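> If you're matching them up, the sequences are chains Z, R and E in order.
Counting along the first sequence from 1, when you hit position 68 you're at 68 in my numbering, and nothing is skipped either side.
Counting along the second sequence from 1, when you hit position 188 you're at 188 in my numbering, and nothing is skipped either side.
Counting along the third sequence from 1, when you hit position 17 you're at 17 in my numbering, and nothing is skipped either side.
Source of the hints: derived by calculation from the structure; they are not laboratory data.
Treat the hints with care, since some could be wrong.
Stated by the list, open to error - Footprint (simulated), chain Z over chain E, 3 or more residues, beta carbon under 8 Å: (1) 54–68; (2) 97–109; (3) 212–218.
To be verified - One-sided excerpt, in silico: chain Z residues whose CB lies under 8 Å from chain E: (4) 92; (5) 162; (6) 165; (7) 166; (8) 169; (9) 171; (10) 172; (11) 176; (12) 178; (13) 179; (14) 181; (15) 184; (16) 263.
Keep in mind the model is a prediction, meaning the values are calculated, not measured.
Glycine included, every Cβ here is placed at the ideal spot set by N, Cα and C.
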Amino acid sequence: MNAALVLWSWWVRTSAKWPVLQTLAPFVPVVALWWGVAAWGPFPPAFFPSPPDVVRAFGSLIYKGILPEYLGDSVARLAAGAAVGIALGIPLGLLIGLSRRAYTALWPILLFFQAIGDIAWLPILIIWFGFGMTTMTIIIVYTVLFPVVLNTVLGVRSVRIELYRAAQSLGATPARVLTEVVIPGALPNIITGLRNGLGYGWRALIAAEMIVGTSGIGFMMFDARRAGSVVEIVLGMIVLGILWYIVDAWVLAPIERATGRRWGLVTQ
Amino acid sequence: MVAGNRVAGALTFVAPLAFLVVIWAVVVPAFEVRPQIFPSVSAVFAAGIAGLRDGTLLTHVATSLARVAIGTVLAIIVAVPLGILMGISKGVSAFLTPLLRFFSVLAGIAWIPIATLWFGYGFGAIVFVIFNAVFFVVVYNTLLGVSTIPMPIRNAAASLGAGRLAMLSDVLLPGALPNIVTGIRTGLGFAWRGLIAAEMIATNVGLGYMLFVARDFYQTEVIIFGMIVIGTLWLLIDRLILAPLERATIERWGLVRA
Amino acid sequence: MKSLSLRSLSKTYFDLYAGSQHTALHDISLDVPAGEFVSIVGPSGCGKSTILNMVAGFIPQSGGEILVGGEPVKGPGADRGVVFQSFALFPWKTVLENVGFGPKMRGIAKAERDEIAREYLDLVGLAHAADRYPNELSGGMQQRVGVVRALANKPDILLMDEPFASVDAQTRMTLQEELTRIWEERRPTVIFITHDVPEAVFLANRVVVLSKGHILEQVEIPLARPRVWDQLVEDDGFKELSNKVLALVRAA
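Use the sequences and the hints to build the structure in full.
What follows is the structure in structure tokens.
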């Protein structure tokens, strides 16, 4: 009893010092279970690879340079698509959020096109642009755009009217109200939108790479499926998960903490 | 008065979309756009009629919806009790959070290759993809919902004599409900996209398949018609089922999503 | 400092539920000479905040004139500083940046406006909180920032809309004393909206009682200054004036 408590308190102190441990710890039993099932379970290794198989595949794909190249391709596509999506989405969101007329005219169109969903555009985009980079970039821009626009609108509308009034009665011109009040006020929502958009964009990219790709992690996984190599599929999934985790925990979450949370604004 | 407002609201919603259709109807003939690039309004309309008449449209729509419904319902049935159980203890829920986040990030599309290997092309693989798109997101949100119920509320219920079962049914489940509904809405969003992607890859019936096979023959009118059907269906699901559900829990109780 | 004149001011709006025109204010005429402190009291819904919002330029009047220093009001402007009940501090700016906002809008360089902001923060003893965000301050501290943010922009008239209504009773009295002290030092023209009668009497040179959209009566408050609560609670003149205003508000 006492020894367990001592051990527990050691864990609490150590994991407080290195929060990474808190993230990694729950994966230990999962990997152990996976290993156990692979070793003693009824599935043949070709169907259900064990952790060492995946690590070995990781090593060999790194060695051959395939994994770094494909990973680089996927990340570059996502980054390019996201940059364009944000550059279009934020101004559009500000316009719709601020102008009643723009809202009436554009809001239903936005909702409808968002509802169609990125993947459904693939067939017609392939007809227009063929199998390649253009098609994939458009898909990602499309995916990132809507959450950014919708959340920017939400953010603009969530700025309390007294803040506009306060700025105006302190002598702010309309342009200054935009830069000093509207944009910072909408920022926490914009970041939420970006986070959602990247989440969707990521999935869309994988799907697009599976269907039209000639490189990228999605292509690697689907190619492996064709060759019947489960190891590489599992490896691809793990790489995808880890990569998103890094983007989310090291890039998006800190931005969120530095803005909305510090300011005491709650996004919805 | 209220009914009048609703009609007016629907009209202001439809008007911009109708305007878009008018532009489409004018631009395609004016610039003599080839049908292999973009179809005319009448061709899309005809494609819709043809699909309705030979019954293929109904088959595709019904199959897609059935897959989503089965996968989603199964996922909710398993995910909600699991999420509540895991959320009761703060320690357990804190421990499991990174794991669930990892899997909800992977949920859906990334499982298509392995799902098709395990289940073969067809119904099983697609339902599996939808199941896990919804499952992980709902478990994660349920757990989040339960663990954010304020301790005073739990203590109040306990001191009013609530037993374990009553605590579950009268405190934990309703308390987590707004998060659960949000989870279902998010999960279904991923599932719907996963469905279209999976149907393009791994089946021979369904809306995604209908679009993808039309591409082989440059039948843009079928593709555009299919996109309109997909968009309309999702709008109906989201606006008529999910959004009202979310409003009913979140806004009515004055709860803000965590 | 400038004077404020309201000439037959009125506000009507269309009530969507009733389907008819509703009169919120009618025939409000009021003269506030430069450097006077006027409180406006009345029960909820009497239109006192509507007057302030029109003077601030946030909403247009339906009829009549609003003159600041003889010039008609056209929209919000830096000549009228506003202190809000909900503080309305910019959550994404530090305390220093909030107070320096007005000077920044006038194009004053950063070093100079920081100096101005610090000087005003000193006035309410908040120099130590300069680099914190509003969210990290108590309600009383936030409203001190709200007051000096308006003052730092050197407005001709200070408009205060129930500024102390959402802080606790203890803090409220401290804030009231700080406000009289600042007013006695700088003598700005102040319009102070409140539903708290002792507060109105304590602060003002004159209390205007509003009822159902018109001015019921104006009561002069000739109490000596400086005013502090410890002395005034025992003061017969204060009690008498408070009771008089209270009776008017009750009748309103």
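> Hint by hint, say whether it matches the structure.
Results of checking the hints against the structure:
For the stretch 54–68 of chain E, the stated coverage by chain Z is satisfied: 3 residues place a CB nearer than 8 Å to a CB of that chain, which reaches the threshold of 3. Counting residues of the stretch 97–109 of chain E whose beta-carbon sits less than 8 Å from any beta-carbon of chain Z gives 4, enough to reach three: the coverage restraint holds. For the stretch 212–218 of chain E, the assignment as covered by chain Z is violated, since 0 residues bring a beta-carbon within under 8 Å of that chain's beta-carbons and 3 are needed. This hint is violated: residue 92 of chain Z has a C-beta 22 Å from the nearest C-beta of chain E, more than the 8 Å allowed.
For residue 162 of chain Z, the interface hint holds, the least distance from its beta-carbon to any beta-carbon of chain E being 4 Å, beneath 8 Å. With its C-beta approaching chain E no nearer than about 5 Å, residue 165 of chain Z sits inside the 8 Å limit, and its interface hint holds. About 4 Å separates the beta-carbon of residue 166 of chain Z from the nearest beta-carbon of chain E, less than 8 Å, and the hint is met. Annotation: interface hint on residue 169 of chain Z holds; nearest CB of chain E at approximately 4 Å, less than 8 Å.
Hint status for residue 171 of chain Z relative to chain E: holds, with the closest Cβ pair at about 3 Å, below 8 Å. At a threshold of 8 Å, the smallest CB-CB gap from residue 172 of chain Z to chain E is about 5 Å, leaving the interface hint in force. Given hint, residue 176 of chain Z at the interface with chain E, holds; its Cβ is 6 Å from that chain's nearest Cβ, closer than 8 Å. Hint status for residue 178 of chain Z relative to chain E: violated, with the closest Cβ pair at about 13 Å, above 8 Å.
Interface hint at residue 179 of chain Z: violated, since its Cβ lies 11 Å from the closest Cβ of chain E, which is beyond the 8 Å cut-off. The restraint placing residue 181 of chain Z at the interface with chain E holds, with a minimum CB-CB distance near 7 Å, inside the 8 Å limit. For residue 184 of chain Z, the shortest C-beta to C-beta distance to chain E is roughly 4 Å, which falls under 8 Å, so the interface hint holds. The beta carbon of residue 263 of chain Z comes within 4 Å of a beta carbon in chain E, closer than 8 Å, and the hint placing it at the interface holds.
Hints 3, 4, 12, 13 from the earlier list are contradicted by this structure; the remaining hints agree with it.
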